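A.B. asks: Since the structure of chain A is provided, determine the placement of chain B on it from the hints.
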Amino acid sequence: MTPHRADVCLHHVEHVMGMAVSFDIRQPAPISGTLTEVLRWLHHVDATFSTYLDDSEITRFGRGEIAIDDLTAEVQDVLLQCIELTDLTGGAFDVFAVPAPNGTQLDPSGFVKGWSIERAAAMLEDGGAINFCINAGGDIAVRGEPAPGDAWQIGIRHPDHVDQLALVLEVRGTMAIATSATYERGAHIMDPRVGSPTTELASATVVGRDLGIADAYATAAFVLGLDAIEWIDPQPGYDAYLITHDGETCWSTDFPHPSQRVAAAASARR
Amino acid sequence: MAAYDGATIDTKYGPVQVQAQVQNGSLVAVAVMQYPNGDGKSVRINQRALPELQSEALTAQSATVHTVSGATYTSNAYVKSLQSAIDKALAAGAVVA
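Chains A and B, in that order, give the protein sequences.
Residue 220 in this note's numbering sits at position 220 of the first sequence, with consecutive numbering throughout.
Residue 1020 in this note's numbering sits at position 20 of the second sequence, with consecutive numbering throughout.
Simulated from the structure, these hints should not be mistaken for laboratory data.
Keep in mind that a hint or two might mislead.
What the hints assert, rightly or not - Derived DMTMM-like pairs: lysine to aspartate or glutamate, alpha-carbon spacing no greater than 20 Å straight-line:
{"#": "1", "chain 1": "B", "residue 1": "Lys1080", "chain 2": "A", "residue 2": "Asp160"}
{"#": "2", "chain 1": "B", "residue 1": "Lys1088", "chain 2": "A", "residue 2": "Asp160"}
{"#": "3", "chain 1": "B", "residue 1": "Lys1080", "chain 2": "A", "residue 2": "Asp163"}
{"#": "4", "chain 1": "B", "residue 1": "Lys1088", "chain 2": "A", "residue 2": "Glu14"}
{"#": "5", "chain 1": "B", "residue 1": "Lys1080", "chain 2": "A", "residue 2": "Asp7"}
{"#": "6", "chain 1": "B", "residue 1": "Lys1080", "chain 2": "A", "residue 2": "Glu230"}
What the hints assert, rightly or not - Covered, in the sense of this in silico footprint (three residues per stretch, anywhere, with C-beta under 8 Å from a C-beta of chain B), are these stretches of chain A:
{"#": "7", "stretch": "20 to 33"}
{"#": "8", "stretch": "75 to 81"}
{"#": "9", "stretch": "165 to 172"}
{"#": "10", "stretch": "236 to 249"}
Since this is a predicted model, take the numbers as computed values, not measurements.
Quick reminder that beta carbons are idealized off the backbone N, C-alpha and C, glycines included.
Isolated chain B (complex conformation):
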């Protein structure tokens, strides 16, 4: 395993230095080498890397759904929304999922 030290960066929480640990050509860990005065924030910076690894590229999906969640649409925008189409189908007694 090889380790690469990054430059020390001044953040709003204080100076932070990270180290990338690479094994067989893949990044396996990022360690925070220098914490800003050991306050709570430094721990949070460290934990941040974990949930961000749970990600994927967004792809458009099509499926039969009962309802759709999205940003609040006005009554005007509702007319062209998927939810409006679903409501029309329900009102017509259509076969739905």
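The following block holds chain A by itself, in its conformation from the complex:
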């Protein structure tokens, strides 16, 4: 691919949900006001689902101050999807079994982030955007292509080096990439099945169509360790790439082999 002047028509970084969300929107531009609406949505999600805020709906529900029937439809919908993901991951992703910053045992952040970015992507598409990339604190949703005929080049961070990449994926169309690791926040990722931290992997990356699912699956894959491969292989449309502390890598059957990663989108775009 020869370098060319970026066809970026709208670029924005918003600090929301305790992270930086970067928007890289290529031609054609969405209609005026679309991005403003998207940012309003993300701040609404923050106020509703934050486990850092004392008065968010999720904190109040976690403390037992709101009955399940009195939750807004939006929160009920998210919690139902989280329960479904707990089932799909054999309990490796369980928003009701991990300690949250607000002192409760309810933390759906690992799904909410990706879920809200998927909605943001749908809003941009409704506004007429076709080609864009949203990076929400390291979890990514892309649409279309960066320039006619090109693919999005997605770097996966090296777990030991903040300024180096472990691999590069080329993707086009509707695709999500989520990575779970402990190197950034230093915090442990708990295995909800046993209630203790999980340590086998340095990083787990999941590629698939939906960022909410990919986000939850990346957390599950990190918890499952190398067993994540046999778990994710039968999951249609989602693939994993794991890095151990020894610097060994391991990937699921449909994840592109190193010699074929240039064509990564082929397996990922199902």
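C.D. replies: What follows is chain B alone, placed relative to chain A:
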């Protein structure tokens, strides 16, 4: 081809014994000789060897990329991230990939 039987190991799924099959000095297969009561887990143990063979040593790569995936970074950590550098370049209208 030579076969080497391993010791019987008690696992959380029950006793398991594996056999390594070696041809011309290379390991060509690992067979599970003894399954714990034929439940589903034994099959999964057997399949586990396959995907793990798809591995390589991690090497650092440098490339021009549009964006970087990694563990969730806070707004503070973002400042020193590759993504922050990419955003700065985009904001400046730089030539990117």
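A.B. asks: A separate judgement is required for each hint: does it hold in the structure or not?
C.D. replies: Evaluation of the provided hints:
Proposed proximity of Lys1080/B and Asp160/A is supported: the alpha carbons are some 14 Å apart, at most 20 Å. Between the alpha carbons of Lys1088/B and Asp160/A the distance comes to roughly 23 Å, so the proposed pair goes past 20 Å and is violated. Proposed proximity of Lys1080/B and Asp163/A is supported: the alpha carbons are some 9 Å apart, at most 20 Å. Between Lys1088/B and Glu14/A, the direct Cα distance comes to roughly 13 Å. Compliance with the 20 Å bound is thereby established for this hinted pair.
For the proposed pair Lys1080/B and Asp7/A, the alpha carbon gap of about 25 Å is over 20 Å, so the pair is violated. In summary, the hint linking Lys1080/B to Glu230/A is not supported, as the alpha carbons are separated by about 35 Å, beyond the 20 Å threshold. Counting residues of the stretch 20 to 33 of chain A whose CB lies closer than 8 Å to any CB of chain B gives 3, which reaches the minimum of 3, so the coverage claim holds. With a threshold of 8 Å between beta carbons, the proposed coverage of the stretch 75 to 81 of chain A by chain B is violated, since 0 of its residues qualify and at least three are required.
Counting residues of the stretch 165 to 172 of chain A whose CB lies closer than 8 Å to any CB of chain B gives 4, so the stated coverage by that chain holds, three being the minimum. Coverage of the stretch 236 to 249 of chain A by chain B holds in this model, with 4 residues showing a Cβ closer than 8 Å to a Cβ of that chain against a need of three.
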